[in-house]
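Enquirer: In case you want the letters, here they are:
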Amino acid sequence: MEYLLFIVSDPAAPPYVPEEDNIEEWVADLESRGVARGGNRLRPVSDATTVTVRDGKTILTDGPFTETKEWIAGFDLIDVENLDEAIEIAAKHPMARFGRVEVRPVWPFE
Amino acid sequence: MTASDSGPTATEVNLVLASVVASERLRIVSTLIRYCGDWDLSEDCFQDAVARALAVWPTRGVPDNPGAWLTTVSKNRVIDALRRASTELTTFRRYAVETEIDGSADGNSEGSPMGERSLTADGAPDDDRLRLIFTCCHPALAMDARVALTLRTVIGLSVQETAHVFLVSEQTMQKRLVRARSKIRDAGIPYRVPPAGLLPERTSGVLAVLYLLFTEGYSSGSGAELVRAPLVEEAIRLTRLVAAMMHGSEQLPEVLGLLALELFQHSRADARIDTAGDLIILEEQDRQLWNKGAISEGMGVLASAEAERLRHGGAVGSDQLQAQIAAHHATAPTAAATDFSRIADLYARLARIAPSPVIDLNRAIAVAFAEGPDTGLKLLDTLDGGRHLAEYHLLHAARADLLRRSGRFADALPHYVRALELAPSDPERRFLQRRIAEMRRSH
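If you read the sequences in order, they're chains E and R. Under the numbering used here, the first residue of the first sequence is numbered 316, with each subsequent residue one higher. Under the numbering used here, the first residue of the second sequence is numbered 938, with each subsequent residue one higher.
Since the hints were made in silico from the structure, they are not lab data.
With a Cα cut of at most 30 Å, we get these calculated DSBU-like pairs of lysine-lysine:
hint, chain 1, residue 1, chain 2, residue 2
1, E, K384, R, K1120
2, E, K407, R, K1120
3, E, K407, E, K384
Pairwise CB distance ranges (calculated):
hint, chain 1, residue 1, chain 2, residue 2, range
4, E, P379, R, A955, 55 to 61 Å
5, E, F380, R, A1079, 23 to 29 Å
6, R, E1234, E, A351, 52 to 58 Å
7, E, F380, R, S960, 53 to 59 Å
8, E, T381, R, A1240, 54 to 60 Å
Far from chain E, by Cβ distances over 10 Å, these chain R residues were calculated:
hint, residue
9, A988
10, R1014
11, S1106
12, P1167
13, E1221
14, D1348
15, P1351
These figures come from a predicted structure and were not determined experimentally. Note that beta-carbon positions come from the ideal geometry of N, C-alpha and C, so glycine has one too.
Please take these sequences and the hints and turn them into a complete structure.
Expert: Structure representation (structure tokens):
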């Protein structure tokens, strides 16, 4: 079953400590399990462009679709056995400690 | 309906059926869910089978093995429903139900009887009922959804009865249950007893739900009745069942700890309410009314919990500690003879492994009984700083009580008043009103 992990910043979380960021270890674990289906970090929201089409007109907005202090900093698509395995992987991501990880099941079209 | 001369009466059928449903429902429904993956369908088909039994048994007689009869009829209903739906997925599921259940249908079709434990490859207990319980109590579900699912699917309350426990409408409860089941299915919550690595924390999760069921029955939120006996007894029955199914597991000591705790608390059911339905505090209860059988069973269960713990070499868990505290209260000949300094020590140990402001409060009360109200009041002052308990009626009631014990009635009064404002149940409010009247008379 596929899950998309949203890696989310959280201003209330403990401050980021570069020495405790073990993301390489995490990626290696994903690879060795053979569950990684692609993922990356994302440029900050200041580089975002929001696209809306209304009455045939394309409207562009500088910034994210909603102003919030929490923003998506990255994503990972994983294909695992069940929610417990997805939770285990999410909990090992360094950003689970410095931010938060939202686990969303992928809903395939039939 | 005409029963033949030798056939059972409707009353006999009802009695047999009620007892078979009580003993077999969980086993049958949990097995159907494992094979067909559809919770609603499994429950509906079991209900259909019960209705069928009511219609057929009075004329054809009660079958030799009523549990097996209900299993077969429920299973056939599931197969029929899946055949009617007949998509690729349901065909696959129907095949699974037909082969798997038929394969185990000779003799005892519902798995191993109580007392005989089989284990999965992970070393986890292999029992569909336990799979269902762990799935209902999965931490990815909201706590109220876990409790609602457990009441509905594990204990088998109707939606209406489940709604009543939560004091919400039937419609609200139905939505909550549908949402919880959708999440189990769509988010990929596995139908299993968790593997060894997850078992300790997930078992604590199950015990938390069981204890919530128990306390919900004991001091029903804002309800008028103080004890809902059937719910309390269901919670104890389910805790016993979990203990039986987890026999041999390293988690067993905690399950037994919870069972002992529930037995000790329930032993006071007849003593904690007077004839007018009012609350009687522990200290003023007539200890002759305590259920001696429940207390001695609790002591036995607590001793096995400790023996099991020593066998596995684990640390004492929070449920065991709470049961030990309850054991001191349950076995003290009088309130004055209670070993409060030992109880205060146990609360201190409990606070180290499961820190909580409520535990700190209870420790302060035990210290007050052991060393005098002033020491207790000083401890309460240190708790107030945390502000976690500012809205907790028992903090204010405890402070008022300690002031009353040291003869400071005028000082006690405003704290009783605050406790009264926050108290959640009618009997507790009446108790506090009596205390307030006493304080007003005394100064």
